[in-house]
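Engineer: In case you want the letters, here they are:
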Amino acid sequence: MLEARDITFSVGRRELLSGVSATFDAGKLHLIIGPNGAGKSTLIKQLARLTRPQVGSVLYEGQDVAGLGEAALARKRAVLSQAIEVAFPLSVREVVMMGRYPHFGGSPGPTDHKLVDELMDLVDVTEFAARNYQTLSGGERQRVNFARVLAQVWPSEHETSDFPRCRYLFLDEPLTFLDIHHQIDFMKKLRDFASATDAVTVGVVHDLNLAARFADRLYMIKDGRIIAAGEPHEVLTGELIREVFSVEPQFVRTTDGMHMIFG
Amino acid sequence: MSALAMTRPRTLLLILAVLSIVVLAGSIRYGAIDFSLTDIYAALRSLVGGPDPTLDQRIFLELRLPRAILCLLVGAALGVGGTLMQALFRNPIVEPGLVGTSSGAALGSALFFVLGGVLDIGMSIWSLPIAACIGGIIATYLVFLLARSREDGRASIVMLLLTGLAINALALSAIGFLTYIARDPQARSITFWSLGTLSGANWKSVAIVAVSTIGGTLLALRYAKQLNALMIGEEEAVYLGVNVNRLKWIILSVNVVIVAVATAFTGVISFVGLIVPHILRMLLGADNRNLIIGSALMGAIILSLADLIARFSLRPAELPIGIVTSAVGVPVFIYLLRRRQYVF
Chain B
38 MLEARDITFS VGRRELLSGV SATFDAGKLH LIIGPNGAGK STLIKQLARL
88 TRPQVGSVLY EGQDVAGLGE AALARKRAVL SQAIEVAFPL SVREVVMMGR
138 YPHFGGSPGP TDHKLVDELM DLVDVTEFAA RNYQTLSGGE RQRVNFARVL
188 AQVWPSEHET SDFPRCRYLF LDEPLTFLDI HHQIDFMKKL RDFASATDAV
238 TVGVVHDLNL AARFADRLYM IKDGRIIAAG EPHEVLTGEL IREVFSVEPQ
288 FVRTTDGMHM IFG
Chain V
20 MSALAMTRPR TLLLILAVLS IVVLAGSIRY GAIDFSLTDI YAALRSLVGG
70 PDPTLDQRIF LELRLPRAIL CLLVGAALGV GGTLMQALFR NPIVEPGLVG
120 TSSGAALGSA LFFVLGGVLD IGMSIWSLPI AACIGGIIAT YLVFLLARSR
170 EDGRASIVML LLTGLAINAL ALSAIGFLTY IARDPQARSI TFWSLGTLSG
220 ANWKSVAIVA VSTIGGTLLA LRYAKQLNAL MIGEEEAVYL GVNVNRLKWI
270 ILSVNVVIVA VATAFTGVIS FVGLIVPHIL RMLLGADNRN LIIGSALMGA
320 IILSLADLIA RFSLRPAELP IGIVTSAVGV PVFIYLLRRR QYVF
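Chains as they are written, first to last, in my numbering: chain B, 38 to 300; chain V, 20 to 363.
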């Protein structure tokens with residue numbers, strides 16, 4: 038379980054997060070929604086310990102992350118950031134293998150190679166495994182990095198069930214460069230990953246319909262505060278959407294559930 | 020695919036290792052005087068209890084052999100320095116000569132010769148390399164301090180190159196001034212400091228440069244994986260468990276030390292650190308684990324070839340080696356600048 042306890046974080050005189058408290062459960066997919074500049078990415082960076090709060094704390098399994106070593110943290114926490122540029126020509130396979138860096142000392146072992154192959158298959162990038170990452174499109178790059186972060190927090194075989202180790206995956210607007218097919222595909226795989234590996238998964242998305250469809254829990258943020266948290270139908274109400282996003286939603290019931298149209 | 024990626028770099032590194040031995044063999048045989056294989060053999064035997072060496076053989080042992088080995092070591096230092104700087108700044112256009120390290124080290128060494136003569140201080144064999152390191156550290160630090168943007172504290176590559184240019188010019192004019200007031204004959208040669216030469220090589224300089232270059236390279240090798248993680252961005256490296264600030268500090272220090280110590284004995288030799296990693300990335304890929312070893316070997320090979328050219332072109336006189344490396348390096352530098360692939 039992941040817990041944010043009364044986090045306040047300021048840069049200069051601007052308070053980006055104000056007293057944010059929330060819990061995130063293992064095996065569930067948690068999505069954060071909110072308008073631009075609301076503090077979504079800031080919250081993700083706090084939860085992943087890239088930046089540290091001035092007030093409050095972030096707890097992994099009840100333990101304050103401030104006390105964790107870099108290497109230990111990297112073995113259980115991965116972050117998918119936006120638009121990753123690589124400075125030098127690097128093959129897709131090498132980029133995915135970086136996810137295993139925290140897990141091996143000198144060179145990757147056979148299990149690392151096997152996992153990388155499987156994950157490239159999973160996100161559908163095996164056909165360009167040998168290609169230079171720099172020549173890929175934004176959407177292709179995003180899938181490669183998805184495989185990389187999965188490789189970082191994938192449970193290894195020698196971990197037994199009597200020694201469970203919780204893993205944490207954070208995603209900052211992972212759908213940005215993906216076409217509609219890959220967006221849905223991505224969300225499905227993310228939800229499967231969370232439930233299959235019992236990882237704590239927290240992501241930021243903009244598409245409210247996708248959020249409603251895939252999230253186990255939604256967190257609605259505005260001006261550095263959590264306005265509402267709960268199951269999608271509890272958070273995505275006409276009143277809250279109007280207040281937070283300044284748009285007028287219409288709810289349409291179809292055969293596969295409720296959809297929103299915005300005016 | 021994975022088998023290919025595993026074996027190809029190893030084969031290439033092996034080829035480079037063999038080539039560096041071949042170049043070393045050529046470099047000890049040919050020069051102002053050519054030594055026959057019998058002479059070389061007899062000279063080496065005299066070291067292990069054979070008959071006393073003749074005059075020619077003594078020249079071989081005391082001038083030619085240390086020069087050839089120093090050349091390998093300095094080339095390795097410059098190659099590794101270039102690779103480390105490029106990995107650290109995530110840009111293929113940085114090298115120790117361009118960001119002030121080499122000229123700062125040269126100024127530190129020149130100051131040592133002048134002040135050492137005047138004040139009669141610090142005559143341990145480590146004094147000169149330490150003076151060079153201090154000069155290199157100050158100049159490099161100054162370049163990064165001045166190149167930093169006021170808004171976000173980052174140094175853009177354009178600013179780095181321009182500031183490096185200014186600090187290099189400043190250091191070289193200070194060296195120029197020192198050469199006028201110097202009494203020490205070595206410090207009096209401005210071409211020595213600004214264009215570089217290996218003609219002053221002896222076993223003492225070989226020993227000191229060997230310690231810094233080999234030690235620095237081995238230390239850098241331990242951080243190769245972390246430097247790889249840096250390729251996908253500083254934030255991503257942090258997420259992969261890298262302490263980025265510590266990594267920067269260590270790599271910059273290793274780079275300054277190996278380059279400054281080499282510069283203390285050979286003067287400023289530019290562009291080796293630029294060309295070597297560039298060629299290697301095309302041959303080996305961008306993995307720093309292979310690049311660091313490869314750039315040590317290829318730096319040694321390229322500088323030895325440049326030294327052979329320097330010794331041959333005006334035989335029996337010789338060219339400063341920096342003229343040779345610049346003649347090859349400048350076109351490569353311009354080519355890299357003109358290429359649109361890299362973002363500044």
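None of these hints come from the bench; they were simulated from the model. A virtual CB, placed ideally from N, CA and C, is assigned to each residue, including glycine. Please note that the accuracy of each hint is not assured.
[To be verified] So, partial list: chain B residues that the calculated Cβ filter (under 8 Å) puts toward chain V:
1. Ala85
2. Thr88
3. Glu107
4. Ala108
5. Ala111
6. Ala115
7. Glu122
8. Val123
9. Phe125
10. Pro126
11. Val132
12. Met135
13. Tyr138
[Stated by the list, open to error] Okay, derived cross-link-like pairs now, BS3-like style, lysine-lysine, Cα gap no bigger than 27 Å in a straight line:
14. Lys65(B) / Lys113(B)
15. Lys113(B) / Lys267(V)
16. Lys65(B) / Lys82(B)
17. Lys82(B) / Lys267(V)
18. Lys82(B) / Lys259(B)
19. Lys259(B) / Lys151(B)
Engineer: Hint by hint, note whether the structure agrees.
Structural biologist: Hint check:
For Ala85(B), the suggested interface contact is upheld, since its CB lies about 7 Å from the closest CB of chain V, less than 8 Å. The beta carbon of Thr88(B) is not positioned within 8 Å of any beta carbon in chain V (closest approach about 10 Å), and the interface hint is therefore violated. With a cut of 8 Å, the hint placing Glu107(B) at the interface with chain V holds, because the nearest CB-to-CB distance is about 5 Å. Satisfaction of the interface hint for Ala108(B) is found here, the shortest Cβ-Cβ separation to chain V being roughly 5 Å, below the 8 Å cut-off.
The criterion of a C-beta within 8 Å of any C-beta in chain V is met by Ala111(B), whose closest approach is roughly 3 Å, and the hint holds. A cut of 8 Å between beta carbons decides the hint on Ala115(B): the least distance to chain V is about 6 Å, and the hint holds. Using the Cβ-Cβ criterion of 8 Å, the hint placing Glu122(B) at the interface with chain V is satisfied: the shortest such distance is roughly 7 Å. The beta carbon of Val123(B) is positioned within 8 Å of a beta carbon in chain V (closest approach about 5 Å), and the interface hint is therefore held.
With a least beta-carbon distance of about 4 Å to chain V, the hint placing Phe125(B) at the interface is held under the 8 Å criterion. Because the closest C-beta pair between Pro126(B) and chain V is about 6 Å apart, less than 8 Å, the hint holds. Interface hint at Val132(B): satisfied, since its Cβ lies 7 Å from the closest Cβ of chain V, which is below the 8 Å cut-off. A distance limit of 8 Å between C-beta atoms decides the matter here; for Met135(B) the minimum to chain V is near 6 Å, and the interface restraint holds.
With a least beta-carbon distance of about 5 Å to chain V, the hint placing Tyr138(B) at the interface is held under the 8 Å criterion. As the CA atoms of Lys65(B) and Lys113(B) are separated by approximately 16 Å, the hinted pair is consistent with the 27 Å bound. A threshold of 27 Å between alpha carbons decides the hint, and for Lys113(B) with Lys267(V) the separation of about 24 Å falls inside it, so the pair holds. For the given pair, Lys65(B) sits about 19 Å from Lys82(B) by alpha-carbon distance, which is consistent with the 27 Å threshold.
With a C-alpha separation of about 22 Å, the suggested pair Lys82(B) and Lys267(V) falls inside the 27 Å cut-off, and the hint holds. Under the criterion of a C-alpha separation no larger than 27 Å, the hint pairing Lys82(B) with Lys259(B) is consistent with the structure, at around 17 Å. Under the criterion of a C-alpha separation no larger than 27 Å, the hint pairing Lys259(B) with Lys151(B) is inconsistent with the structure, at around 43 Å.
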